[in-house]
Amino acid sequence: MFDIKQYEKAESVKDAVRLLSENPNAKLISGGTDVLIRLREGHSEYSELVDIHDLEEIKGVSYTDTGDIEICAATTFTEVVDSEIINDVLPVLALASGTVGGPQVRNVATIGGNLCNGAVSADSLASLCVLDALLITESAEGEREIPIIDFYLGPGQVVLGQTEILKSIRICLDNYAGYGTHYYKYAMRNAMDIATIGCAAAVKMDDGKIETLKISFTVAAPKPIRAKTAEEFAVGLEPTEENIKKIAKQVMNDVTPRDSWRASKDFRLHIIETLAERVIKHAAEDAGGES
Amino acid sequence: MITREISFILNGSEMCIDVDVRMSLLDVLRNEGFNSIKQGCGVGECGACTALVDGVPYDTCVYLAVWADGKEIRTVEGESRNGELSKVQRAYIDAGAVQCGYCTPGFIMTTTAFVEKHKGKDIDRELIRKEHAGNLCRCTGYEMIICAVESCMKDS
Amino acid sequence: MAVGKSVERLDAVAKATGRARYTEDFTLSGMKHAVYVRSTIAHGIVTGINTEKAGALPGVRAIFTYEDVPDIRFSTAGHPYSDDPSHRDPYDRHLLTKHVRFEGDEIAIVVADSELIARKAAKLVEVTYDELAVLNTPENILAENAPQIHPEGNLTGEHEFSVGGDMSEAVKASAHLTESSYKTAMVQHCHLENQIAYGYMDDNDNIVVVSSTQIPHIARRIISEALSFPIGRIKVIKPYIGGGFGAKQDVVVEPMAAWLTLKMDGAPVQVNLTREESLSCSRTRHPFIGHAKGGADKDGTLRFLDLDAVSLTGAYASHGHAIAQAGGAKACTMYPRAVIRYHARTLYSNMPTAGAMRGYGTPQVVFFVENIIEELARKSGTDPLEFRLKNVGITGDINPLNNKPILTHGLKECLEKGRELIKWDEKQKLYKNKKSGNIRSGLGVACFSYASGTYPVLVEGASVRMVLNQDGSVHIQAGATEIGQGSDTVFAQMTSETTGISFEKVKVISTQDTDFSPFDTGAYASRQTYVGGQAVYKAAVELKEKILKYAELITGQTIDRIIIAGDKVVLKEKPEVTVITMRDLAVDAYYHKDRGGQITAEVSYKTRTNAPSFGCTFVDIDVDVKLCKVYIKEIYNIHDAGKIINPLLAEGQVHGGMSMSIGAALSEELLIDDKTGRVYNNNLLDYKLPTIMDMPDLKCAFVETDEPTASYGNKSLGEPPVISPAPALRNAVWDATGAKPDEIPMSPKYLFKVFKKSGII
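Protein chains in written order, with the working numbering: chain D, 1 to 291; chain P, 1 to 156; chain G, 1 to 761.
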């Protein structure tokens, strides 16, 4: 039994925006794996709910006319993992989505909810960052597009306004076509765990050299980050073991993990460097480069 | 108290009940006498409350009862009929996968969905592990549970 | 004949169909729900408590604080009452407390119409404290100016023994000496069913408590003590229980449930802990800090082991120093020819309360022993397996603690069997070239010894009642409790074996009700098949004799010529000749107007022996050095548990113990903040209980000795599997990497430090 004081079921995104506008205390609930847990913990700020669970309008994965990929926000992780489109062209997202919690959680938790709760350990996040995902939202003020890297304000905080709903995640053709990718979730367990460090990379090769490297980390800073110094450093390098080690060292300039009871800063830095090497290597191989 | 009328099929029988919107599916199923739904954590970390919703395993402790409207729900109570155990139930017993029994109903439902999903396919222990990772057991070390699932797949 | 067969467990269908009823599945209309108000600090004195807001919440029926509870100190430890005061557990707690001793201590309790209301109300109770220093290291706990956690001081217990000869001479005689310090973490049982009990009153005089307990009869005695309420007017019922592993050998919620119904005019009141409460506010395994020394001859003969252990019992003693005592004693029979000194202290600390947990101190002490043995083996240039083979006990060795011969000691055979199974020699050679680079391979072995029950420290008795039903079937009521380990099933097997009545005709009443169930102290100390088995045997013999005597009376066939075979009495020499069916015999006994009566046998028997059991773990691992992760490729437990009564159930016990030890070795620890005593991870996401994806394939084997003191040749098996996997894993990590871990869990965080220190990363 949850301490729910107000409950409205939204029939559409428009309806949800209306309900959120009518009640400034209302919060959205979709998959429920975050909101219900917080309610159980006694967080009364979640006691007035607008329910968008299973809203067909924002489920599913599709191509746009321009070849971009549109992942609707209420698509569950299981649907993402099982999606043919995702497996064909965004395998890095399928890989990451398969590491979320356990099967039961993936069956109900949504990719949009994973982003909106603001957790810096979100499993889909690093992959979406290297894919330069655009987040499409709708609010009382209308629609807008937010680059994923600008979506986060800090731990647990995102830029969404009170009436704003994440509708979909768009991956542009330019940001996935021709890239080799990889993701690694480092955690203490092989399932049902939160990432100690998450690392995704996308590599585009040109004539045996790295043309573009995108590398992103979660739990390596207060917000998800792209390791820009390393990305710039990598341009034009052959993905040899030695070079990859050098690139991984550059990553250290871009990350600021913290000490916590979950893991020390030193340990996280070590894992970041280790993952950077492995993930870049895999991504480069995936892109057709030898290493 | 805010209530909603919901209809769903539970173990093959149609149900139409008024539910308090504050209730989880776990609360409703237990109130209806389906005690195989066990509460082990309340936050979707142990899988003891697993039921199938439209053939897919869910943690009913973090699933609002109102969401069950229009769905087909299965619990382990519905898996045996007239004293005849389901293949999965029989496999758990024969493999020695039952000890204290508290995780057993949830595990059996996860396996039931697994067996139906992968029927006729070649599966390995890694896939069994991956798709049972949301159910915790402290008695068996999982070994005999994996054996039980393997034996179900062999027969299917 | 049923012993030695993998018969289907009696409760399997009930559990697989969801029909088995656990405590929460019994509901009474009008049930009230009680939720504790727990301290938010780890050490201090409550200076004020305001229940006004909480009490105003609709649906709240009562709030009780430490001021309302009886001024009676009691102990929650589930031991039988000891006639020796020195063996009694410290009576150190009240039902609620003003002096809070860990984060989560019980200050008040709210009773409400629903659990949701009770939880909301409990959050609204305002408490103020005078904070005291938080003590959680031996240094600060024993500091001269340290605040006293209990009026008796911060030392819960201390003892020392030295056996096997003179220590200083053994040291002098040793060519190889080594010493190290070790640590084991605080881990938790994580039974899937949390602690739960409810109480109600049938009338004005009698309290009924239904509880998920391993120890219904002991729970009854402790409730009686805690409430100063006559034991004869308390009834404890134990339905199916969702795991215990020792945590439910402690009476965590039962006295409160009993007291609340008393206060609420007999209304039913349930206390149902959340997972978070169960993890950090019930019981844990004692973390140990140890220092070990060892010495060996030039030729690799073990001369001595010198162990010093500090055990942190947390806020309350619970089983207290008994854990450190038992751990030291049970580890002695592994190497009975060496000089062994063991000194242990148990300290109170401002941490969650530790209690009994599978292995009862032995996993910690054996971790020290098998680590130092490994160091000695390596120092003396001997293969660790050879070193053990040379030094472990054999049948006929004298147990140095009680000076009695060890009648069955299969450890050496276990080691030989494990050597074959894991292909030790072959892999040793193969892995010589896999000790550098990032992925390194290694092998590990570790031994253990354990006991079968608690005798002679505590009384070991069991009681069994057998009743012949009208249809020729038998009902057994045992005080011993089925907690998932399969004791009901093996009791039925034993009964069938001894009487000749078919297994299918024997039913064990799984529920204990202290009004009806004969006395037994419960499920702990791996005592059920050994101690309970002896009472079952004696009752079965008595039942068989009574049945045959009655058959003689009504058929004229003399007792020496007849036996029971399945559902009939037959001629011994010509079993195809039926003398009388069991059904006809039973009907005659029940309903004949002039003879017979209900045929029953009831035995209450005190065991005065205790058979040590043995075994070992072999493990083959890869270590990804940079990721600081251990991958188990193959792991075997090999056990000498005497004769195996039910191979399938036995394997299940072994797998479960192995997984618990693997968890403790690699990932599990309940973490607290050093400064504040705050528990960081009392949930199943942050407490790293292994999932099915973290557990390797588990394998086991048995060396079947025939223990003469047991009725069926059997020895303990419930707890032993949890002892040796952790040190075997530690030895394997050392073997693979050359970096020596001295703590468990060997989590990536810890291995990072170890690898860094040794320069391999």
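Since the hints were derived computationally from the structure, they do not count as laboratory data. Everything numeric in this text was worked out from a predicted model, so none of it was measured. Accuracy of the hints is not assured; some may be wrong.
Among the chain G residues that face chain P by a calculated CB cut under 7 Å, a handful are [as the list claims (entries may be wrong)]: (1) Ala16; (2) Pro85; (3) Lys183; (4) Gly484; (5) Leu684; (6) Thr691.
Lysine to aspartate or glutamate pairs mimicking EDC-like chemistry, simulated, CA-CA at most 20 Å apart [claimed, not checked]: (7) Lys71(P) x Glu11(D); (8) Lys235(G) x Asp205(G); (9) Lys123(G) x Asp3(D); (10) Lys699(G) x Asp94(P); (11) Lys675(G) x Asp259(D); (12) Lys432(G) x Glu413(G); (13) Lys404(G) x Glu420(G); (14) Lys753(G) x Asp742(G).
Positions of the beta carbon are idealized from the N, C-alpha and C atoms, including for glycine.
Lys71(P) paired with Glu11(D) [C-alpha distance capped at 20 Å]: Holds, at about 18 Å.
Hint check: 7 Å Cβ-Cβ cutoff, Thr691(G) to chain P: 5 Å, holds
Given hint Asp3(D) paired with Lys123(G) - CA-CA distance at most 20 Å: Between Lys123(G) and Asp3(D) the Cα gap is close to 13 Å, so the pair holds against 20 Å.
When the least beta-carbon distance from Gly484(G) to chain P is tested against 7 Å, hint result: Status holds, d = 3 Å.
Interface restraint verdict for Pro85(G) against chain P (beta-carbon cut-off 7 Å): 36 Å, violated
Status of the hint placing Lys183(G) at chain P (closest C-beta pair under 7 Å): 24 Å, violated
Distance restraint between Lys675(G) and Asp259(D), which requires alpha-carbon spacing of 20 Å or less: Judged against 20 Å, a Cα distance of about 16 Å means the pair holds.
Restraint outcome when Ala16(G) is required to lie within 7 Å of chain P by C-beta distance: 4 Å, holds
Satisfaction of hint between Asp205(G) and Lys235(G), Cα-Cα up to 20 Å: Status holds; Cα separation ~11 Å.
Straight-line alpha-carbon gap Lys404(G) to Glu420(G), limit 20 Å: The hint is violated at about 32 Å.
Pairwise hint evaluation, Asp94(P) against Lys699(G), where the allowed Cα distance is 20 Å at most: 18 Å, holds
Agreement of Lys432(G) and Glu413(G) with the hint, judged by alpha carbon distance not exceeding 20 Å: Status violated; Cα separation ~26 Å.
In summary, the structure is inconsistent with hints 2, 3, 12 and 13 from the numbered list given earlier, while agreeing with the others.
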